Amino acid sequence: MKHFIPFIVAGDPCEEVTIDLVIALEQAGATILELGVPYSDPLADGPIIQRAASRALKNGMTLTRALELIGQMRKKGVKIPIIVFTYYNPVLQLGEERFFALAQQNGASGVLIPDLPFEESEHMRILGDTYGIPYISLVAPTSHERIAMIASQAQSFLYCVSSLGVTGIRDSLPAELHEFLKQVKLYSRVPVVVGFGISTAEQVDRLQHVCDGIVIGSAIVQKIEQLQHQLNDVHTRSNALIAFSQYVVSLIEPLKRVGKNESQTTTETTKTVSTGQTD
Amino acid sequence: MLTLPNERGRFGMFGGKFVPETLMRPLADIERQLHEALADPSFHAEYMHHLYEYSGRPTALTFAKNLTERLGGAKMYFKREDLNHTGAHKINNAIGQALLAKRMGKRKIIAETGAGQHGVAAATVAARFGMECKVFMGEEDVKRQALNVFRMKLLGAQVIPVTSGNRTLKDATNEAIRYWVEHCDDHFYMIGSVVGPHPYPMMVREFQRIIGEEAREQMLKVEGKLPNTIIACVGGGSNAIGMFHPFLEDDVECIGVEAAGKGVHTTEHAATITKGTKGVIHGSLTYVLQDEHGQITEPYSISAGLDYPGVGPEHAYLAHIGRVRYESVTDEEAIAAVQMTAETEGIIPAIESAHALAKAFQIAPLRPKHETILVCLSGRGDKDVQTVMNYLEGDER
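Going down the list, the sequences are from chains A and B.
For the record, in the first sequence the residue sitting at position 226 is 226 according to the UniProt record's numbering, with numbers rising by one throughout.
For the record, in the second sequence the residue sitting at position 332 is 332 according to the UniProt record's numbering, with numbers rising by one throughout.
These are computed hints drawn from the structure, not numbers from a lab.
Wrong hints could be hidden among the right ones.
Claimed, not checked - Each pair of labels, with its calculated beta carbon distance range:
id: 1; chain 1: B; residue 1: GLY56; chain 2: A; residue 2: ARG189; range: 56 to 62 Å
id: 2; chain 1: A; residue 1: ILE126; chain 2: B; residue 2: LEU2; range: 16 to 22 Å
id: 3; chain 1: A; residue 1: SER238; chain 2: B; residue 2: ARG32; range: 56 to 62 Å
id: 4; chain 1: A; residue 1: TYR187; chain 2: B; residue 2: ALA60; range: 56 to 62 Å
id: 5; chain 1: A; residue 1: ARG98; chain 2: B; residue 2: GLY224; range: 37 to 43 Å
id: 6; chain 1: A; residue 1: PRO174; chain 2: B; residue 2: ASN166; range: 31 to 37 Å
These numbers were taken from a predicted model, which means no experiment stands behind them.
Idealized CB from N, CA, C, for every residue including glycine.
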C-alpha cells in the first residue's frame with residue numbers, strides 16, 4: 001500500500017482529543033502522521049488550517065507542548081512515524097538544538113518547516129542528522145532546476161507541493177501534476193509523496209499511481225472542525241471519533257484497493273521513514 | 001556596510017529568504033532582473049524621468065526657521081517627501097517596482113497596505129502604467145481608512161479586505177503573500193517597505209535612496225556641509241533607509257524613531273527594535289514583537305504606517321552594529337509634534353513623520369546653533385486629520 005499521510009493540528013480541538021484522533025487515524029490506515037504546530041502567521045496555509053491553528057493557540061498550544069504531546073501519543077501506543085510540521089519562528093525561539101533534543105526525547109520521527117527553504121535549512125539538516133530526526137524537504141511546481149539539488153539532500157521522503165498556492169481544498173488539481181511527479185521521481189532516491197489540495201477519494205485514486213504517498217490536510221482538518229463540539233464533549237466523543245474514522249477510511253479507500261497488489265514497496269518506504277523513530 | 005546584503009540576502013545575520021519553496025524561483029527571477037535593471041542606464045533614466053515629471057521630484061529641502069528659533073538650538077531642515085505625488089515617499093518605490101514589473105512582462109500587481117498609503121501609491125502607478133492592481137488590506141483598516149479605500153477604488157484598483165488574524169497590516173501582508181504564492185506565474189508583488197524576503201529589502205532601499213541622495217546635495221548646497229544628525233521614523237523603515245543609506249559612511253549621526261504607542265513599558269507599542277527579539281516575519285530574519293513561544297504579537301501605534309510587528313532587516317543590522325541609534329516616541333509626543341509643526345511652520349505632517357519631528361524637537365535645543373539636524377518629513381498629514389481630531393477631542397473630554 002502507498003503511504004497515507006494525514007495532517008492535523010496539535011491542540012485542535014483540544015490536546016486530549018488530538019491524541020484520540022491520532023489513534024483513530026493510525027487505525028484507519030495512516031502510515032505516517034504530520035502533526036501541525038499552530039502558528040500566529042501561517043503563510044503557507046489556507047483558511048481551514050488557519051482556523052484550526054487559531055483554535056489550538058486559544059487552547060494554549062505551543063511548540064514545546066506539541067512535542068510533549070507526541071510523547072503522550074507514544075505512551076498510548078501510537079507506532080507510526082510522526083513528522084512535526086512547524087513554521088520556523090517557534091523553532092528559532094525555542095532554540096534549534098533544544099527543539100531537536102525535545103523532538104528526540106518525545107519520539108518524533110522527522111521535521112518539516114514550510115518557510116525554511118533549502119538555502120536556509122543547512123544548519124537544521126545538520127542538526128537533524130546529529131539527533132536522528134530527518135529534515136523533510138519540499139519541492140514545488142516552480143522548483144524546476146532546483147529539484148535535483150533538493151532531491152539530492154532529501155531524507156525519509158520528498159514532499160511535492162501539488163500546485164501553486166497554500167494548503168486547502170481544491171476541486172481540481174493541475175493537469176501538469178502527473179508530469180511534475182514523474183520528473184521528481186526521476187531525481188529522488190526516497191519515496192515521493194504529494195500534498196496540498198487533495199481532498200477527495202477520486203483525487204487519491206488518480207494520484208496514487210504516480211507517487212508513493214498522499215498527504216491529506218485541510219479535508220481532514222475541516223472534518224475535525226465540523227465535529228469539534230461533539231469531539232470536545234466526553235459524552236459524544238466516541239461517536240464523533242467513529243464518524244471521523246469513517247470519513248477518513250472513505251477518503252483513502254482507493255489506496256487500500258490497490259495496496260493489495262503493491263505491498264512490496266511499502267516495506268521499503270516504511271523502513272526509510274522510520275529511521276528517526278525512537279520507540 | 002554599503003555592499004550588503006550579501007549573495008544570500010543577509011545583512012550580517014539578518015534578512016534572508018524564509019519563504020515556501022514555491023516562491024524561491026520567483027524571488028530568484030526578481031533578483032536577477034533587478035540586478036540587470038539597476039545596471040542598465042536606460043532603466044535608471046526611465047525611473048528618474050517618472051520621479052521628476054510625474055511625482056514632482058526633486059522634493060524641497062525646507063529650513064524650519066520658526067521652529068529653529070523657537071527651540072533655540074541646532075538648525076532644523078525638513079526633507080519634504082510630503083510634497084511627492086500621492087503625498088508621501090511611498091511613490092518612489094512604487095514607480096521603481098512598477099518599472100521592474102513592466103520589464104519582467106508582468107501586468108498584474110499585488111500590494112499590501114495598512115493605512116492605505118502604499119496601497120494608494122501602488123494603485124496610482126498601476127493606473128499610470130496600465131496595470132491591474134489588487135490591494136490587500138485588513139478589514140479593520142478598511143473600516144478605519146474608508147477615504148483611502150475609496151481613493152484606491154477611484155484609481156481603478158481592487159481592494160481586498162482581509163479577515164484573517166487581527167485584520168490589520170500584518171494579516172494583509174500574510175494574505176498578499178498567500179495570493180502571490182498562488183499567482184506567482186503572472187503577478188508581481190509590490191512590497192511597500194524594506195521588509196520581506198531578499199531581494200525586497202534591498203530593492204525597496206534602492207528605490208528610496210533618492211531621498212538621501214537629494215537631501216545630501218541640497219544640504220551641501222545650502223549649508224556647505226553635511227548635516228550633523230539625521231532623523232527618520234521607522235515602521236518597516238523605507239523612508240529611513242532611503243534617507244540614511246547615502247550617509248552611512250559619513251560622520252553623520254543617524255537616529256531611527258519607532259512608535260512607542262502608549263509607552264514602551266506597556267504592551268501597546270510598535271517599538272520593534274527597542275523591545276523586540278530576533279525572529280522571522282514575512283520572509284525575513286529581523287527583530288520581531290513576539291511572545292516567548294515565537295507567536296507574533298499585535299503591535300499598537302496611533303500611526304497606522306508604523307503599526308507593524310517587524311522591521312526591515314537592514315535596520316536590525318544597523319542597530320546591531322551600532323551605526324544607527326533607534327529610539328521611540330509616544331502617540332502623545334507625536335500628536336504634539338503634528339500640532340507644533342502645523343502652527344509654527346504651516347505644514348501638517350503625517351503622524352508617522354511626526355514621530356521623527358518629535359525626536360528632533362527633543363534633541364535640537366540640546367545641540368549648538370552651528371549644528372544642523374535633517375528630518376525626513378516622509379508624508380503629509382491630510383490622511384490623519386480625522387485621527388488627530390479624534391485624539392485631541394478625546395483628550396479634552
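Can you let me know if the beta-carbon spacing of ILE126 of chain A and LEU2 of chain B is within 16 to 22 Å? Violated: the Cβ-Cβ distance is about 32 Å, outside 16 to 22 Å.
Is the hinted range of 56 to 62 Å satisfied by the C-beta distance from GLY56 of chain B to ARG189 of chain A? Taking Cβ atoms as reference, GLY56 of chain B and ARG189 of chain A lie about 60 Å apart, which means the hint holds.
Okay, SER238 of chain A versus ARG32 of chain B on CB: inside 56 to 62 Å? Distance hint for SER238 of chain A, ARG32 of chain B holds at roughly 58 Å.
Holds or violated: 56 to 62 Å for the Cβ distance of TYR187 of chain A and ALA60 of chain B? holds, 58 Å
Is the distance from the Cβ of ARG98 of chain A to the Cβ of GLY224 of chain B consistent with 37 to 43 Å? Taking Cβ atoms as reference, ARG98 of chain A and GLY224 of chain B lie about 57 Å apart, which means the hint is violated.
For the hint 31 to 37 Å, verify it against the beta carbon of PRO174 of chain A and that of ASN166 of chain B. 33 Å Cβ-Cβ, so the 31 to 37 Å window holds.
Hints 2 and 5 from the list above are not met by this structure, while the remaining hints are.
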